[in-house]
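> Listed below are the residues making up each chain.
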Amino acid sequence: MESVLMLSRIQFGATAAFHILFPMMSIGLALYLFIMEVMWLRTGNVSYYHQLRFWLKIFVLTFALGVASGFPMAFQFGMNWAAFSAFAGSFFGNILGFETTIAFTLETASLGILLFGWKYVSRTVHLIANFLVFFAASLSGFWIIAANSWMQTPMGVHAENGKVVIDNYFQAIFNPATVVTYTHTLFAAIISTLFLIAGIAAWALLKKEKTVEKTTFFLNSFKYAIAIMLIAAPLQVIVGDLIGVMVSKYQPEKFAAMELHYNTNKAGEGAPWSIVAIPNAENTGTAFEISVPNALSLITTKSLTGEVKGLNDYAPENKPSRMESILTYYSARIMILIGFLMVAVSLWALWYWRRGKLSVESIDMHPAFLRFWVLSIPLGLLAMEMGWMAREIGRQPWMIYGMLRTSNSLSSGLVDYILVTVIGAIVAIYVALLVLFIYFVRRIVEKGPDFNQTI
Amino acid sequence: MTETILPILPIVWFVIIGLELALYVLLDGSNLGIGLLSLLPQKEENRSMMLHVMGPIWNANETWLLVAAGSLFGAFPLVYSIGLNALFVPAVVIAVGLIFRAASFAFYDVSEYGAFWTRAFGVGSLLVAVGHGLLFGGLLSGITIADGHFAGGPFDFITPFSLLFTIGLLSAYVVLGYSALITKLDYALQVETFPRILGAAAVTFFALLGATLVLPRMDYIFMERWTQAPTSYILYLIAGAIAAVSIVLAYNAITKKNPEQMHFFSMLIFVLGFAGMVVGIFPYIVPPAVSIFDVASPDATLKFMLYGIGPILPIVLAYNWYLHKVFGSKFNREDAGY
Numbered sequence: 000m001e002s003v004l005m006l007s008r009i010q011f012g013a014t015a016a017f018h019i020l021f022p023m024m025s026i027g028l029a030l031y032l033f034i035m036e037v038m039w040l041r042t043g044n045v046s047y048y049h050q051l052r053f054w055l056k057i058f059v060l061t062f063a064l065g066v067a068s069g070f071p072m073a074f075q076f077g078m079n080w081a082a083f084s085a086f087a088g089s090f091f092g093n094i095l096g097f098e099t100t101i102a103f104t105l106e107t108a109s110l111g112i113l114l115f116g117w118k119y120v121s122r123t124v125h126l127i128a129n130f131l132v133f134f135a136a137s138l139s140g141f142w143i144i145a146a147n148s149w150m151q152t153p154m155g156v157h158a159e160n161g162k163v164v165i166d167n168y169f170q171a172i173f174n175p176a177t178v179v180t181y182t183h184t185l186f187a188a189i190i191s192t193l194f195l196i197a198g199i200a201a202w203a204l205l206k207k208e209k210t211v212e213k214t215t216f217f218l219n220s221f222k223y224a225i226a227i228m229l230i231a232a233p234l235q236v237i238v239g240d241l242i243g244v245m246v247s248k249y250q251p252e253k254f255a256a257m258e259l260h261y262n263t264n265k266a267g268e269g270a271p272w273s274i275v276a277i278p279n280a281e282n283t284g285t286a287f288e289i290s291v292p293n294a295l296s297l298i299t300t301k302s303l304t305g306e307v308k309g310l311n312d313y314a315p316e317n318k319p320s321r322m323e324s325i326l327t328y329y330s331a332r333i334m335i336l337i338g339f340l341m342v343a344v345s346l347w348a349l350w351y352w353r354r355g356k357l358s359v360e361s362i363d364m365h366p367a368f369l370r371f372w373v374l375s376i377p378l379g380l381l382a383m384e385m386g387w388m389a390r391e392i393g394r395q396p397w398m399i400y401g402m403l404r405t406s407n408s409l410s411s412g413l414v415d416y417i418l419v420t421v422i423g424a425i426v427a428i429y430v431a432l433l434v435l436f437i438y439f440v441r442r443i444v445e446k447g448p449d450f451n452q453t454i
Numbered sequence: 000m001t002e003t004i005l006p007i008l009p010i011v012w013f014v015i016i017g018l019e020l021a022l023y024v025l026l027d028g029s030n031l032g033i034g035l036l037s038l039l040p041q042k043e044e045n046r047s048m049m050l051h052v053m054g055p056i057w058n059a060n061e062t063w064l065l066v067a068a069g070s071l072f073g074a075f076p077l078v079y080s081i082g083l084n085a086l087f088v089p090a091v092v093i094a095v096g097l098i099f100r101a102a103s104f105a106f107y108d109v110s111e112y113g114a115f116w117t118r119a120f121g122v123g124s125l126l127v128a129v130g131h132g133l134l135f136g137g138l139l140s141g142i143t144i145a146d147g148h149f150a151g152g153p154f155d156f157i158t159p160f161s162l163l164f165t166i167g168l169l170s171a172y173v174v175l176g177y178s179a180l181i182t183k184l185d186y187a188l189q190v191e192t193f194p195r196i197l198g199a200a201a202v203t204f205f206a207l208l209g210a211t212l213v214l215p216r217m218d219y220i221f222m223e224r225w226t227q228a229p230t231s232y233i234l235y236l237i238a239g240a241i242a243a244v245s246i247v248l249a250y251n252a253i254t255k256k257n258p259e260q261m262h263f264f265s266m267l268i269f270v271l272g273f274a275g276m277v278v279g280i281f282p283y284i285v286p287p288a289v290s291i292f293d294v295a296s297p298d299a300t301l302k303f304m305l306y307g308i309g310p311i312l313p314i315v316l317a318y319n320w321y322l323h324k325v326f327g328s329k330f331n332r333e334d335a336g337y
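Protein sequences, first through last, are from chains G and E. Numbering that gives the first Met the number 0 applies: residue 0 is where the first sequence begins, and numbers increase by one. Numbering that gives the first Met the number 0 applies: residue 0 is where the second sequence begins, and numbers increase by one.
By construction, these hints were calculated from the structure, which means they are not laboratory data. Glycine included, C-beta positions come from ideal geometry on N, C-alpha and C. Hints may contain errors.
Every beta carbon over 10 Å from chain G, so not counted as near; a handful from chain E, in silico [stated by the list, open to error]:
#1 237
#2 269
#3 278
Okay, the calculated bits of chain E under chain G, using three or more residues with CB under 8 Å as the criterion [to be verified]:
#4 88–97
#5 128–141
#6 201–208
#7 293–301
#8 312–318
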């Protein structure tokens, strides 16, 4: 029982961690493509058209891999988590049904037009299809986030005879976690993708042999990405703060684990915010920590001495274990650290841009800058993975917070050797797909845009 | 004597999911059949032509599986959970097959090893088709349930029925695939095409006949549907219709007449077979014991889903029809590369 539970968690974690990379890139790229097509049709400037055609090739890969890796995600709820699905299906399954029927069908059908419709439909229809791809991808994300948020802060339902009965759909869908998480995730998708675009452009710019046309093209990609980022990044910082406040209010155990905050601060004293911390072996306090006094109270309650409940206030069976707390704490810390790093790298790029260094003539003089951007390609996606780890591991021991324990969510009759085989196969296939994805993106970039493409 | 009123909402959802699934089997069945065909010996350029002809539509077709699965999860959560719990292994096979297929489509255009990806596409299609056969065959063979949980073993789905059903379904997909190709392009393999269609049709016939014959040996719970009125009349009528359509199809294949009608006729056989399956088990959805009324979500969910999904489905159908119309006939790859 214990082993199949742990194996099922590993299987789900591995599938989800891989799958989410691709829908996130698809959402971001779809937005970039839509902006490029709008700019092309408004200005008639063919360079936007080339941007559209080129990045569409990479979008095709992210979309296909997102679909491919999504099937095991959807099936797993029944395969491994039958008790959860039986308990919560009347709401959770309903929302996933909305995702596939309302959003995903629209996305696939519009994508057919976007990819192959150049000579089959009018420009207006093509632009609409392009918009619908972005809209449907984002809507798809909304339903998924709504379903997951409901597992974090379940509202508008009650349990009856071992099943969820919905009292208020609006409350259940727009539970306290939904809107902030969705906004945070959408911005994360956009920013991660912009880092991907800018980083790929930097990689192409580092090549020795390139035409003026090609250099201009990738400089444009780089600048457009930075320009969109300057709008999205500051907003993301604000939304990130809202998430922290939401978690501290509705999932205080998770929040305490995310901060490795053990003892509730006494009245009149502030709770410290630790930069690094290691729990003691009994999981009753930290064995080591470096912290800023009063900072946790300030971040959470916007007051220097506001009360923040510690992990010791909660019974062991209702809070994350020691290892889960460590994982929650460090994944959240790494996410925040990467967030600041991304802001710094973007400001660096802005400074270079303002100083006129991002031009065809002078870009070759800044290889270190470009190399730094190549290394930054995975930053956004890595931060996003860390954020999800903190969110999902921090929710433990609950599958649906306060309603259903993870240990009571499992299918019956699971056999460990089958699960080990499945995990092995999934990981092997996913690693192969990721390697192939990187390989083919590289090829597409090396080949570069086709400037002779007819309009 | 109290009169039992059948709740209408579970029936409505049963019909909707049935239609979604039927549409999936028809649309993706053709694609899977083409994938299976690509594994047969032939010129490499025919394989790449097969991939191209499906380019714009395969994804939208595959989507119907997710639509049906999503609807099933919401409307009948216990079917989703017990079914996939019991049919874990076939579900993995389908998922792996779908990954292979999607990856082949994505990488084919950018790779210099085209032949590798057409093979991966064929293998992926084979896995999906085998998974379908084992999943539906396993479900129809009956699932052991105790206290609302799956209570059988992980390989219960392997029965004489499910194996014969899988062979029948595979060859039926081949017929569907060939007839779709003939309609879509001047399929260059006319010489071997028609013998292969006839061969596949014969295998379908004998495998499914065998599957039907092993049912009584398995103490099949639904034997009375075949032996008692009124369902027996409906089932014999459907069987008769399938036989009649098959004869027309075989005649066309032998005389090589009316190739454009073949896709329609082979889809008709699928629809009839699907209808027969529904008549054979309704209202049971996880044979032998679970009916749709036992496992439906509360009425509030079924209503809400109907408000949410009901108005959308006609729109989805409309733009899928539009997609097929735009790319449907004699799709020219040269005009449409991305």
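> Evaluate each hint against the coordinates.
So, going through the hints one by one against the coordinates:
no. : hint    : verdict
1   : 237     : 29 Å, holds
2   : 269     : 21 Å, holds
3   : 278     : 26 Å, holds
4   : 88–97   : holds (count 7)
5   : 128–141 : violated (count 0)
6   : 201–208 : violated (count 0)
7   : 293–301 : holds (count 4)
8   : 312–318 : holds (count 3)
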